[in-house]
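Visitor: Going line by line, the protein sequences match chains A and B. If you're matching positions, the first sequence starts at 8 in the numbering used here and goes up one per residue. If you're matching positions, the second sequence starts at 890 in the numbering used here and goes up one per residue.
Honestly, the hints are just simulated from the structure, not real lab data. Don't take each hint at face value.
Below, simulated DSS-like cross-link-like pairs (lysine-lysine); rule was C-alpha separation at most 27 Å, straight line [what the hints assert, rightly or not]: (1) A/342 x B/1071; (2) B/1065 x A/342; (3) A/316 x B/1188.
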Amino acid sequence: MANGSTTADEATPTRMEREPLVLNNRSYHWITERICGVVEGRQPLIWWILFLPSVFLMSFLLFGLVYLISTGVGVWGNNHPVGWGWAITNFVFWIGIGHAGTLISAILFLTRQKWRTSINRASEAMTLFAVMCAGIFPAVHVGRFWQVWFLAPIPNANGIWQNFKSALLWDVFAVSTYFTVSVIFWYLGLVPDLATLRDRAKNGIQKFLYGLFALGWRGSNRHWNHYEMAYLLLAALSTPLVLSVHSVVSFDFATSVVPGWHTTIFPPYFVAGAIFGGFAMVLTLMIPARRIYNLYDLITPKHIDNMAKIICFTGSIVGYAYLMELFIAWYGGNKYEMAAFRNRIIDGYYPWAYWCMMFCNVVAPQVFWFKWCRHNIVVVMCVCMCVNIGMWFERFVIFVTSIAQDWLPGAWDMYHPTWVEQITFAGTFGLFLGLFLLFIRFLPVIAMSEVKGVLPQADPHYHEPESGGNENA
Amino acid sequence: MSAHSHIELPPDGERLDDSKVAPIRKVAFAIGFIGLIASVVLFISPLREKFIYSWLFGFYYFFSIALGGLFWLLLHHATNSGWGIAVRRVFENIACVVPFMLLLVIPILLPQNRDALYEWTKELTRIEAKMHGEESGEVQAAAGASMGEAHEDHSLRHAVHLEAKADPHLHLLYHKYPYLNKTFFYLRAFGYFIILGAIALWMRSLSTRQDEDGNHKWTLRSRRAACGFLPIFAVGASFAAIDFLKCLDYAWFSTMWGVYVFAGSALNSMAVAILVTIFLQKLGYLKVVTDEHFHIMGKLMFAFVIFWAYVTFSQYFLIWYANVPEETKYFITRNTEGWHIGSSALMWVHFVIPFLFLLPAWVKKSTKYVALACVWNLIAHLLDHYLIIIPERFISLATNEEMLNATSPSFSGAFLLDIIAFATVGGLVVWYFLGMLPKRRLYPCRDPRLHESIHLTN
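Sequences and hints are given; from them, build the entire structure.
Guide: As structure tokens, then:
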């Protein structure tokens, strides 16, 4: 075949095809029907089976918070060395979950990873809900909740300003910026799809509401032109935010001189961990959603495979950071640092938590080296659950073990969460799941316009196959 | 999809005509050869101790770039990328400089040079000599050489322990002995070059074998191999940075170190790859590479400009903020006396200017401007590595008197030595690299994703 040929196409004897992003050669119409159908049709029973317990769980959160605010932070298990217990752990856990969405929508967009289109909408929504859950904890941890507005940089009374040297204040800026930009980015992406829903709506109220939020979108060339430029700019703006938020969160600890907290690798290690945990949560939500709403052709094994690989990769980065921390703790020769790590892994109060973290975050994702595991939904779900648990324990291990046994042995104390903390944390899952289910109920779970854009038909040079089937199908 | 693009390609790929690079190769060789003679003279002169720092600077500069080439190559395979097939051979060749660096590392590994560079080996050598002196005084014949290193190491460790009791400064040396001992150091040092070098050669051989038969199995095999090799690369590159650079001051430590050195190496390897690609295009080759490829490579370089700044800032900031003396010593050296000018300039030269310059898309697509950015980045990398290595020279080698009388914390005239070493290593590396190019096709002409790469749009 290559003999005497002169064009690039012929000089290469064979080609290796990419797997299609949408299976079974689906048309634009099918995609619109399937995704709008989720919103327009009646929700399956399972939606209610999930939603009602979520609301019930959400009430735990409400109760926990009301009880806390009306009584005082003393109802939590925080004690003298452990001034930050579950509250900070939960905060960082949820903030971490919130990283995958923007990573998928912004960084994968900038790197032209077309497979992101099937999962970006849901993961962005998940990001927002996770950040909401995260924001609760520091806000109520301040004690006098009604004065939380003191965090805003306004000279509130007597010229009192915030402590701009405190990493905690930077957190306020970083998280609120991240949330704002994520909301705008998510909403911007929704506009064309909201217009589709508006055009299909049969009920007047629906038509009005979808129309209101579709901002008069008509799909003209001019609209698309502006839309795509805005999308690109927001993606570029969001990308540094993905890095900055968790880096700033890591500064909360790394700027201090607490052994086990102060280590220079924290910023990239936290970011990698956040992406790791975030992807696991995306899969945890999307695999059931794919099944419930029969989205197999849109969220294909290839998507799951790619996400599993990212989990394996970022899990390995996290593993590198754990081991580098251990190595430098020893290599640095600082006895306090060594003691902190010794406490973590051998004879402190919580070595079981460390090994739980190590297994869940480093060992378990290694099964994704094998294709069979990446393609087996049960294995994927089990590993994702491990990662969800492991990433929570990672934060617990870092924050609590380092301060439960700090400088003065006389002050050492074990930290136990009280029932109030437990129900509050459980309640955030209710909030998270409840909001996610509402999102599925009212908004298109997959970005229709973006998925259509990566179909082979969207290519201006696309030829209708003569045999009636996509060459890849 | 296929009919609209006709890039005239020879069916059997492209080979570089030897004669086209011969003049440059000759110049590079002449520089390298003359430099080598000068270096040999310097190594036997009293300037030896100062010169070895210059050599380490020149050596690690080029080694870091070669390592970066290996990173991009492995990453490209592991992610099953299609865009970079047209330029992949460039990365393969850059990565294959790693085994050649084994020859250039030898001066660093020679005992007297090693001791001038690394205080920890110097101390160990001193303690060892003292120990042997005592032993021979007691007429303990050095029989039983078969007892081997293990026995010797054990007793040396014990001796370090005894020394540390008298001189508490040596406590760290005793503590770090399981890692910082000569046997393990040599094992690691050779390990980096042999293992990472073998990986580079192996990856390239898989690729060139595909040039012959076009079989898909080489693509699949490369992907699998690259995935497996990436963790080895991560460990190797990190610990090489620790052993050769961080250990210049064995008391200092930072968990970010490996990531920091890696960020600079990936960034500048991309810069070199872009320059080599432009160079080959100017010679009339690599027509498979379009401005889309330059755009992507420019974007990756841009991303790493940011990543480097992020990592460097984080490391600096956390150490500055926590203000622990064991950690701040690294930056105090570089932020005081004359060095602060370089450190302050680094922020502008390595980040602000290339960041602003590389922002617009048209800059990344224009070979002229992107080449300018690459040269700029490579100069910034020089400054970065100069500041990592050279400030340690005066601290380690200056006598008390020199310390007291110094107007600036460096040896006057030593800058010349740095230039000689850099030119020598650079000349030899360029000579070797250009020698590799004509031996293989310039791009993987039968790669099943070549087509995808040629028709790239982004």
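Visitor: Go through the numbered hints given earlier and state which of them the structure violates, listing their numbers in rising order.
Guide: none
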